[in-house]
Amino acid sequence: MDYLWVLLPPLLQGAGVTLQVFFITLVLSLPLGLALALLRLSRSASVSGLVNGYIWLMRGTPLMLQMLFIYFALPFVPYVGIRLPSFPAAIVAFSLNYAAYFAEIFRGGIQSIDRGQYEAAKALGFSYAQTMRRIVLPQVVKRVLAPVSNETITLVKDTSLIYVLAMNDLLRAARGIVQRDFTTMPFIVAAVFYLLMTLMLTVGFQWLEKKYSVYDE
Amino acid sequence: MTNKQMISVRDLHKRFGTLAVLKGVSFEVALGDVIAIIGPSGSGKSTLLRCLNRLETIQRGHIEIAGEVLATTGADGVCRYAVDAEARRICRRMGMVFQQFNLFPHRTVLQNIIEAPMTVQGLSRAAIMPKAEELLRKVGLFEKRDSYPALLSGGQKQRVAIARALAMAPDIMLFDEPTSALDPELTGEVLRTIRQLADEHVTMLVVTHEMSFARDVSTRALFMDDGEIVEAGAPAEMFSHPKHSRTQAFLEHIL
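As they're listed, the protein sequences go chains V and C. Quick note, the first sequence lines up with residues 545 to 761 if you use my numbering. Quick note, the second sequence lines up with residues 692 to 946 if you use my numbering.
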């Protein structure tokens with residue numbers, strides 16, 4: 545039991561890093577994903593095609609590769625070459641990657657809204673922006689809650705990939721202690737931490753689903 | 692002013708791909724007119740209505756709403772619309788009621804009615820509330836104001852849709868088969884509401900398959916077939932003595 549108290553401080557510190565990557569990625573990738581979804585639905589074939597290519601690139605290559613590329617290779621790319629410290633590099637990679645997944649979820653949600661909703665709004669004098677903001681997107685939120693919840697829970701666990709940039713997230717902190725003390729106890733504590741985080745998300749999303757269930761479609 | 696032109700349509704052409712749906716339609720609507728548009732399915736009735744408020748764009752012709760040009764075709768044969776903000780303002784003079792209601796499911800009855808005045812006209816909630824409540828009473832749904840549309844019957848939904856359109860204070864109401872999606876026992880309540888508006892001399896165009904309604908309520912009937920207005924006139928006259936053989940055939944078939 546005393547050993548647990550020895551374990552907790554470094555693991556909590558690791559959990560802090562994990563949570564930071566998680567929250568910053570979420571805050572950046574959700575709006576970026578929405579913007580990509582709207583561009584993907586653009587009438588301009590070149591805009592839509594460009595976004596489609598982006599989504600293919602981000603979903604088609606490993607997140608770890610993208611992270612390594614941004615950290616190690618980006619500084620040597622002509623003209624855009626910038627050298628990012630490990631934490632911002634991880635955030636950029638995670639946000640760009642998750643935005644691509646969210647974009648596809650939002651696109652599906654937007655396309656599932658009945659044409660009649662757009663027509664009713666147009667007949668009432670709504671502009672396109674007003675139609676999206678007041679009529680379409682509020683309904684999309686309800687429809688995408690389940691897939692967004694899924695993706696968000698995946699993100700919690702994907703954060704463990706940042707160890708490749710030598711950052712001390714929860715899992716890397718646990719592994720460090722396992723290798724030092726020859727005990728698997730830190731793994732179990734780390735697992736409990738991950739479970740608690742996903743439990744909170746699950747409860748949060750269930751609350752949202754309940755909130756949105758006041759109306760049927 | 693009694694003969695004020697509310698709608699003027701000349702030589703309107705509309706195609707979907709290679710399919711010509713409207714083949715040179717012309718008609719005028721004066722203030723207070725109640726126009727029933729009848730005809731077989733696929734004759735272009737609904738499309739005609741949807742062209743008036745830009746739900747469909749036309750390829751050729753001239754549309755004027757209350758003296759303002761929405762779309763016109765120059766000598767070069769190119770059809771030009773008013774710029775978007777202008778066109779939206781012109782089309783706001785018309786309210787539309789759809790066959791499938793198209794209520795906003797995430798908004799309550801009251802919110803459905805005040806949404807457009809608040810978002811489009813920028814009115815405050817307090818400014819629109821008296822009118823919204825009056826409209827709710829008018830369509831007999833004041834008690835349902837806090838219900839979501841999913842909990843309403845079809846007839847109730849359509850009455851909310853009518854109130855929602857009226858909340859924008861349109862000069863013209865467009866009804867696109869307002870009772871076609873309703874169970875027969877629910878059409879009466881919706882037709883009564885529309886009849887009430889007709890009695891108040893609201894200018895309206897009603898695409899309908901309810902022949903008795905068209906005969907009793909409209910001031911003028913248009914019979915459309917195959918993308919053209921075949922016959923137009925006083926409903927009593929048209930229903931009892933149709934002039935054109937296609938009108939005769941249609942009325943015989945349906946009555």
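To be clear, the hints were calculated from the coordinates, so they are not data collected in a lab. Note that the structure is predicted; figures quoted are calculated from it, not measured. Certain hints may be false.
Derived lysine to aspartate or glutamate pairs resembling EDC-like cross-links, with alpha carbons at most 20 Å apart [as the list claims (entries may be wrong)]:
{"id": "1", "chain 1": "V", "residue 1": "Lys666", "chain 2": "C", "residue 2": "Glu825"}
{"id": "2", "chain 1": "V", "residue 1": "Lys666", "chain 2": "C", "residue 2": "Asp837"}
{"id": "3", "chain 1": "V", "residue 1": "Lys754", "chain 2": "C", "residue 2": "Asp837"}
{"id": "4", "chain 1": "V", "residue 1": "Lys666", "chain 2": "C", "residue 2": "Asp775"}
{"id": "5", "chain 1": "C", "residue 1": "Lys835", "chain 2": "C", "residue 2": "Glu825"}
{"id": "6", "chain 1": "V", "residue 1": "Lys666", "chain 2": "C", "residue 2": "Glu755"}
{"id": "7", "chain 1": "C", "residue 1": "Lys835", "chain 2": "V", "residue 2": "Asp725"}
{"id": "8", "chain 1": "C", "residue 1": "Lys835", "chain 2": "V", "residue 2": "Glu648"}
{"id": "9", "chain 1": "C", "residue 1": "Lys822", "chain 2": "C", "residue 2": "Asp775"}
Sample of chain V residues lacking proximity to chain C, with all beta carbon distances greater than 12 Å (derived) [unchecked claim]:
{"id": "10", "residue": "Met545"}
{"id": "11", "residue": "Phe567"}
{"id": "12", "residue": "Phe631"}
{"id": "13", "residue": "Ile657"}
{"id": "14", "residue": "Gln661"}
{"id": "15", "residue": "Ile679"}
{"id": "16", "residue": "Pro682"}
{"id": "17", "residue": "Tyr759"}
{"id": "18", "residue": "Glu761"}
Virtual Cβ for every residue (Gly too), placed ideally from N, Cα, C.
Status of each hint after checking the structure:
{"no.": "1", "hint": "V:Lys666 / C:Glu825", "verdict": "violated, 24 Å"}
{"no.": "2", "hint": "V:Lys666 / C:Asp837", "verdict": "violated, 24 Å"}
{"no.": "3", "hint": "V:Lys754 / C:Asp837", "verdict": "holds, 18 Å"}
{"no.": "4", "hint": "V:Lys666 / C:Asp775", "verdict": "holds, 12 Å"}
{"no.": "5", "hint": "C:Lys835 / C:Glu825", "verdict": "holds, 13 Å"}
{"no.": "6", "hint": "V:Lys666 / C:Glu755", "verdict": "holds, 18 Å"}
{"no.": "7", "hint": "C:Lys835 / V:Asp725", "verdict": "violated, 68 Å"}
{"no.": "8", "hint": "C:Lys835 / V:Glu648", "verdict": "violated, 38 Å"}
{"no.": "9", "hint": "C:Lys822 / C:Asp775", "verdict": "violated, 28 Å"}
{"no.": "10", "hint": "Met545", "verdict": "holds, 52 Å"}
{"no.": "11", "hint": "Phe567", "verdict": "holds, 28 Å"}
{"no.": "12", "hint": "Phe631", "verdict": "holds, 39 Å"}
{"no.": "13", "hint": "Ile657", "verdict": "violated, 10 Å"}
{"no.": "14", "hint": "Gln661", "verdict": "violated, 6 Å"}
{"no.": "15", "hint": "Ile679", "verdict": "violated, 6 Å"}
{"no.": "16", "hint": "Pro682", "verdict": "violated, 5 Å"}
{"no.": "17", "hint": "Tyr759", "verdict": "violated, 4 Å"}
{"no.": "18", "hint": "Glu761", "verdict": "violated, 5 Å"}
Checked against the numbered hints above, the structure violates hints 1, 2, 7, 8, 9, 13, 14, 15, 16, 17, 18; every other hint is satisfied.
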